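The numbers in the working numbering rise by one with no breaks, and the one at position 369 of the sequence shown is 369.
Hints are computed from structural coordinates only; laboratory data are not their basis.
No experiment lies behind these values; they were computed from the predicted model shown.
Glycine included, each C-beta is placed from N, C-alpha and C at the ideal position.
Among the hints, erroneous ones may be present.
What the hints assert, rightly or not - Below, computed lysine-lysine pairings styled on DSS-like, alpha-carbon distance capped at 30 Å:
| hint | residue 1 | residue 2 |
| --- | --- | --- |
| 1 | Lys234 | Lys353 |
| 2 | Lys503 | Lys623 |
| 3 | Lys503 | Lys604 |
| 4 | Lys270 | Lys655 |
| 5 | Lys395 | Lys44 |
| 6 | Lys669 | Lys703 |
| 7 | Lys703 | Lys655 |
| 8 | Lys826 | Lys780 |
| 9 | Lys604 | Lys445 |
| 10 | Lys113 | Lys484 |
| 11 | Lys12 | Lys113 |
| 12 | Lys113 | Lys44 |
| 13 | Lys484 | Lys44 |
| 14 | Lys821 | Lys790 |
| 15 | Lys623 | Lys484 |
| 16 | Lys270 | Lys335 |
| 17 | Lys353 | Lys336 |
| 18 | Lys232 | Lys335 |
| 19 | Lys187 | Lys234 |
| 20 | Lys657 | Lys703 |
Said to hold, decoys possible - Estimated spans, in silico, between C-beta atoms of each pair:
| hint | residue 1 | residue 2 | range |
| --- | --- | --- | --- |
| 21 | Glu497 | Tyr879 | 50 to 58 Å |
| 22 | Glu580 | Asp834 | 49 to 57 Å |
| 23 | Phe285 | Arg642 | 55 to 63 Å |
| 24 | Gly400 | Met108 | 49 to 57 Å |
| 25 | Ala868 | Tyr439 | 48 to 56 Å |
| 26 | Thr799 | Arg648 | 51 to 59 Å |
| 27 | Ala773 | Met650 | 18 to 26 Å |
| 28 | Trp74 | Cys443 | 52 to 60 Å |
| 29 | Trp74 | Asp21 | 36 to 44 Å |
| 30 | Tyr879 | Trp74 | 35 to 43 Å |
| 31 | Val352 | Lys16 | 50 to 58 Å |
| 32 | Thr799 | Ile489 | 39 to 47 Å |
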Amino acid sequence: MSSLKTPAGKEKRSIKDWIYDRRIYFLAFFVPVVVMYITYALFKFYPFGDNCVLVLDLNGQYVYYFEYARQAFWGDGSLLYSWSRNLSGEFLGIMGYYLASPFTLIVMLLPQKMILGSLLIMQLAKIGTTGITFSYYLQKSHNVKPLNSVLFSTLFALCAYAVIQLMDPMWLDGLVFMPLMMYGIEKIIDEGKKVNFIIPAAIMFFANFYIGLMLAIFSVLYFFYYIFFGTKTKQGIAGFFKSGIRFAVSGVVAAMMASVMLLPVYYSLKLGKFDFTTPDYTLKFQFQTLDLLSKLLPSSYDTVRNEGLPEIYCGTLTILMVPLFFMNEKVTAKKKAGLGMLLAVMVISMYVKPIDMLWHGGQVPNWLPYRYSFMVSFILVTMAAIAFENVGGIKTSTIGGTFAGIIAYLMYAETKEYENIDTLGSIWFAAGCIALFAYMVRCYKNSPNSKAIPIAMLVLISGELVVSGLETVKDIDEDVTYSKRKAYIDYISAGREAVDALKEYDDSLYRAEKTFHRTVNDNMALNLRGLTHSSSVMNSKVIDFLGNMGYSNRGHYTRYNGSTPITDGLLGIKYVLDKEKKTESSYMENKVLTSGDITVYENKNALPIAYMVDDDILNVYVKSENPFENQNNLLSAVTGERYEYFTRVMPDDIKYKNVTTADAGNQTKYMATENMDSTIEFYITSQSDNPMYLFFPSASEKKVNLWLSTEFDEETQSYVNHNFLNYFFETQYYAIQRMGDFEAGQQFSLICTIANEYAYMKDQWFYQLDTAAVDSALAKLKEGAMTVTKFSDTHIEGTVTAQEGQILMTTIPEEGGWTIKVDGKKVEPVLLADAFIGIPVTAGTHEIEMSFFPQGLGLGIVLLIVGAGITVVFYLSDYNKLNKIIAKAKGTKKK
Numbered sequence: 001m002s003s004l005k006t007p008a009g010k011e012k013r014s015i016k017d018w019i020y021d022r023r024i025y026f027l028a029f030f031v032p033v034v035v036m037y038i039t040y041a042l043f044k045f046y047p048f049g050d051n052c053v054l055v056l057d058l059n060g061q062y063v064y065y066f067e068y069a070r071q072a073f074w075g076d077g078s079l080l081y082s083w084s085r086n087l088s089g090e091f092l093g094i095m096g097y098y099l100a101s102p103f104t105l106i107v108m109l110l111p112q113k114m115i116l117g118s119l120l121i122m123q124l125a126k127i128g129t130t131g132i133t134f135s136y137y138l139q140k141s142h143n144v145k146p147l148n149s150v151l152f153s154t155l156f157a158l159c160a161y162a163v164i165q166l167m168d169p170m171w172l173d174g175l176v177f178m179p180l181m182m183y184g185i186e187k188i189i190d191e192g193k194k195v196n197f198i199i200p201a202a203i204m205f206f207a208n209f210y211i212g213l214m215l216a217i218f219s220v221l222y223f224f225y226y227i228f229f230g231t232k233t234k235q236g237i238a239g240f241f242k243s244g245i246r247f248a249v250s251g252v253v254a255a256m257m258a259s260v261m262l263l264p265v266y267y268s269l270k271l272g273k274f275d276f277t278t279p280d281y282t283l284k285f286q287f288q289t290l291d292l293l294s295k296l297l298p299s300s301y302d303t304v305r306n307e308g309l310p311e312i313y314c315g316t317l318t319i320l321m322v323p324l325f326f327m328n329e330k331v332t333a334k335k336k337a338g339l340g341m342l343l344a345v346m347v348i349s350m351y352v353k354p355i356d357m358l359w360h361g362g363q364v365p366n367w368l369p370y371r372y373s374f375m376v377s378f379i380l381v382t383m384a385a386i387a388f389e390n391v392g393g394i395k396t397s398t399i400g401g402t403f404a405g406i407i408a409y410l411m412y413a414e415t416k417e418y419e420n421i422d423t424l425g426s427i428w429f430a431a432g433c434i435a436l437f438a439y440m441v442r443c444y445k446n447s448p449n450s451k452a453i454p455i456a457m458l459v460l461i462s463g464e465l466v467v468s469g470l471e472t473v474k475d476i477d478e479d480v481t482y483s484k485r486k487a488y489i490d491y492i493s494a495g496r497e498a499v500d501a502l503k504e505y506d507d508s509l510y511r512a513e514k515t516f517h518r519t520v521n522d523n524m525a526l527n528l529r530g531l532t533h534s535s536s537v538m539n540s541k542v543i544d545f546l547g548n549m550g551y552s553n554r555g556h557y558t559r560y561n562g563s564t565p566i567t568d569g570l571l572g573i574k575y576v577l578d579k580e581k582k583t584e585s586s587y588m589e590n591k592v593l594t595s596g597d598i599t600v601y602e603n604k605n606a607l608p609i610a611y612m613v614d615d616d617i618l619n620v621y622v623k624s625e626n627p628f629e630n631q632n633n634l635l636s637a638v639t640g641e642r643y644e645y646f647t648r649v650m651p652d653d654i655k656y657k658n659v660t661t662a663d664a665g666n667q668t669k670y671m672a673t674e675n676m677d678s679t680i681e682f683y684i685t686s687q688s689d690n691p692m693y694l695f696f697p698s699a700s701e702k703k704v705n706l707w708l709s710t711e712f713d714e715e716t717q718s719y720v721n722h723n724f725l726n727y728f729f730e731t732q733y734y735a736i737q738r739m740g741d742f743e744a745g746q747q748f749s750l751i752c753t754i755a756n757e758y759a760y761m762k763d764q765w766f767y768q769l770d771t772a773a774v775d776s777a778l779a780k781l782k783e784g785a786m787t788v789t790k791f792s793d794t795h796i797e798g799t800v801t802a803q804e805g806q807i808l809m810t811t812i813p814e815e816g817g818w819t820i821k822v823d824g825k826k827v828e829p830v831l832l833a834d835a836f837i838g839i840p841v842t843a844g845t846h847e848i849e850m851s852f853f854p855q856g857l858g859l860g861i862v863l864l865i866v867g868a869g870i871t872v873v874f875y876l877s878d879y880n881k882l883n884k885i886i887a888k889a890k891g892t893k894k895k
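Please build the complete structure, drawing on both the sequences and the hints.
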């Protein structure tokens with residue numbers, strides 16, 4: 001038997017050989033990864049301390065989305081629909097807005113107990129991959145030597161934007177795919193090849209439509225830059241239009257392939273995000289141009305709040321090389337003009353508010369401004385790399401003159417006394433680094449084939465990035481605070497144990513909530529079906545409804561504060577998880593289980609997900625500013641009988657202490673006396689043996705403190721020993737407040753402390769709830785409850801018996817995507833209470849079936865398949881393989 005031999009001309013290569021051939025890309029990956037990991041280690045990230053990656057939105061939102069998506073990925077939930085957000089809602093919009101990056105698979109595949117470590121690995125993987133793609137771009141587009149490309153890919157991968165936006169990891173995909181997209185544009189213009197742009201653009205649009213939109217805009221700008229200033233091929237008018245058509249077609253095909261995510265996200269945004277703010281396009285300049293230069297310095301972080309300046313730091317080597325780019329004799333005037341104009345367009349975009357808003361989809365960002373500033377870093381580092389690669393075109397005297405000019409600017413910057421810039425740690429640290437780089441550039445000019453010099457520069461770059469990165473992380477911690485690893489793990493572990501115990505106790509379809517919160521997205525991580533949730537892809541109808549009912553809410557979130565027996569009953573809050581009785585209610589004695597320090601109580605009056613109601617619900621008005629009246633209207637409508645479940649109680653007397661008042665439109669302004677205890681005291685008498693609630697409407701919220709006492713001192717003729725009741729106004733505290741249970745005729749005192757100079761109130765509403773009447777009404781509604789026979793996150797089946805004049809009300813938020821069948825026949829739902837799905841049924845017993853499939857997903861799948869097919873055809877055509885296949889097919893046919 002003859003031995004197997006490698007075919008002539010095809011030497012068998014090992015994995016080691018494969019790695020060696022790509023050693024530069026491994027270096028481009030691992031250098032920024034190691035630098036960032038060292039930075040984290042110095043800041044005492046686990047396992048070097050108890051700090052972790054959770055900060056700002058990664059702490060308040062994204063980690064919970066990752067937790068939920070990971071559970072759904074492994075079968076405990078659905079990636080299409082979640083019951084853990086604002087009573088329930090589609091989840092694919094959240095996926096597309098936050099989690100659709102291919103790097104999310106890292107979090108999905110690693111164990112749940114490693115969630116924080118998984119997020120860290122994902123962050124580092126994005127930074128490292130950015131190093132690879134930018135190195136590739138520099139080598140292919142600008143003929144930068146492989147080793148030299150690593151210098152600048154490291155600078156781009158760890159620019160200030162990248163380090164800061166580790167808190168918004170979904171945006172980092174923009175840095176990963178931008179170099180590939182720009183190189184793809186060059187391939188379209190130079191060679192007519194479209195696939196090099198289509199594939200990274202499609203992945204980017206899929207991964208994050210928001211940054212994808214910004215990169216689409218920049219791609220148009222880059223197309224014009226490259227076709228007029230960058231390409232070496234002669235285009236002419238015909239060539240311009242031909243390349244333009246190819247570019248446009250490529251963009252459309254990329255969007256088609258990404259539409260499987262883009263279309264569901266679009267329909268998700270239509271639920272409320274598009275109307276979240278009213279844009280103001282008044283011409284305004286956002287900063288002083290010279291101040292922007294200070295953001296090129298290391299350790300120049302200011303804030304992620306809206307007043308922050310663009311984050312454009314990308315290494316002191318860049319500061320040195322960009323001026324040298326424009327004075328480099330080997331760089332064509334055409335390229336200088338093109339990249340200079342591209343840079344100017346980006347700076348003007350940030351400088352002029354209306355243009356900046358257009359980059360952000362027509363809205364002013366809610367914190368984290370200039371979310372496209374990494375594009376400026378891309379241009380600057382590209383210029384620096386081109387200048388360094390063509391170092392022979394730089395005069396030695398020019399290097400010295402540039403260094404002197406930079407030092408002069410640094411001396412000027414020192415006189416400005418910027419709050420965010422430390423003289424020693426930023427200004428003179430930068431001067432020292434630039435001095436060393438200037439010397440190294442001069443040496444490299446004299447020895448352009450040296451490898452030792454670029455390696456030494458890479459070491460210096462790495463050291464600078466560690467120092468700047470560490471200071472940036474420290475500043476972020478002071479600004480918005482990194483969370484502790486142990487606190488998060490302990491909280492989630494305890495919550496999961498309680499939720500798992502509850503599911504074992506009751507595995508039916510119900511809602512549950514908590515009286516304690518880490519953030520408003522706990523329910524996602526705990527897989528708890530409830531109403532507390534926050535995200536930028538919100539269903540505004542249900543959020544407004546919950547706010548009108550007196551729950552804590554804002555434009556993008558709702559929170560389980562402000563509950564009453566009416567709302568908890570109608571919305572089906574069957575269980576409440578509580579710690580140390582943080583809230584009192586009529587069902588807090590119905591304890592069903594205890595898990596650690598968490599006790600679970602059952603609400604016996606909770607209704608199921610769907611139940612029959614009177615058709616008065618079709619005309620109910622629940623948009624009053626008074627949540628008590630809204631609840632009266634809603635419960636009266638669903639029962640078909642008008643009743644005042646909440647009745648208003650007027651204060652017996654109101655006393656002001658060191659408080660003055662003034663009219664403020666439809667409000668009253670209550671002003672505190674400086675350095676004095678300023679209070680408003682309400683004397684109230686209970687009208688029945690029922691609980692009492694309060695709500696103070698205001699259009700200008702300013703936190704106050706509430707104190708309550710039932711202890712009257714006969715000697716002083718005043719109430720004493722007031723106990724703290726709660727805060728009111730501001731964020732989660734603007735909600736119905738339960739004051740307690742009182743006997744008929746019992747008087748008490750409520751003190752409102754003006755804690756922050758002043759407070760605005762339209763009125764003060766005190767209401768008592770007739771609990772017996774509520775119990776009776778909810779019991780009546782239970783008689784028409786739908787019996788759920790089968791359910792999953794996206795499918796519900798049940799039976800219900802209807803009477804004449806009734807409609808089936810669900811407490812499932814109305815949105816497109818639901819298919820509803822009654823007795824096997826499809827019916828169109830109706831909108832109830834401006835928020836929920838209603839199902840028309842005739843009198844009698846019916847089988848109900850509800851199925852959810854996200855709007856746009858079906859069409860998106862079709863477009864994906866078509867787009868993928870077109871891409872394959874383009875690939876075969878671009879690389880001259882299509883003709884070979886056709887010829888081969890014809891040859892086979894002849895045979």
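Against the structure, the hints come out as follows:
1. Lys234 to Lys353: 37 Å, violated
2. Lys503 to Lys623: 35 Å, violated
3. Lys503 to Lys604: Holds, at about 17 Å.
4. Lys270 to Lys655: 48 Å, violated
5. Lys395 to Lys44: Violated, because 45 Å separates the two Cα atoms, which is more than 30 Å.
6. Lys669 to Lys703: 13 Å, holds
7. Lys703 to Lys655: Holds. Lysine 703 to lysine 655 sits at ~19 Å (cutoff 30 Å).
8. Lys826 to Lys780: 29 Å, holds
9. Lys604 to Lys445: Violated, at about 81 Å.
10. Lys113 to Lys484: 15 Å, holds
11. Lys12 to Lys113: Cα-Cα ~42 Å, so violated.
12. Lys113 to Lys44: 20 Å, holds
13. Lys484 to Lys44: Given that 30 Å is the threshold and the Cα spacing comes to 10 Å, the pair holds.
14. Lys821 to Lys790: 14 Å, holds
15. Lys623 to Lys484: 41 Å, violated
16. Lys270 to Lys335: 42 Å, violated
17. Lys353 to Lys336: Holds, because 27 Å separates the two Cα atoms, which is no more than 30 Å.
18. Lys232 to Lys335: Roughly 10 Å between the alpha carbons, so the hint for lysine 232 and lysine 335 holds.
19. Lys187 to Lys234: 14 Å, holds
20. Lys657 to Lys703: The hint holds at about 18 Å.
21. Glu497 to Tyr879: 50 to 58 Å: This hint holds: roughly 56 Å between Cβ atoms.
22. Glu580 to Asp834: 49 to 57 Å: 36 Å, violated
23. Phe285 to Arg642: 55 to 63 Å: Because 57 Å falls inside the window, the suggested range holds.
24. Gly400 to Met108: 49 to 57 Å: 54 Å, holds
25. Ala868 to Tyr439: 48 to 56 Å: 52 Å, holds
26. Thr799 to Arg648: 51 to 59 Å: 41 Å, violated
27. Ala773 to Met650: 18 to 26 Å: With Cβ atoms ~21 Å apart, the hint holds.
28. Trp74 to Cys443: 52 to 60 Å: 55 Å, holds
29. Trp74 to Asp21: 36 to 44 Å: Given about 37 Å between the Cβ atoms, the range holds.
30. Tyr879 to Trp74: 35 to 43 Å: Holds, at about 40 Å.
31. Val352 to Lys16: 50 to 58 Å: Holds, since valine 352 and lysine 16 (Cβ atoms, about 54 Å apart) stay within the stated range.
32. Thr799 to Ile489: 39 to 47 Å: At roughly 43 Å between Cβ atoms, isoleucine 489 and threonine 799 fall inside 39 to 47 Å, so the hint holds.
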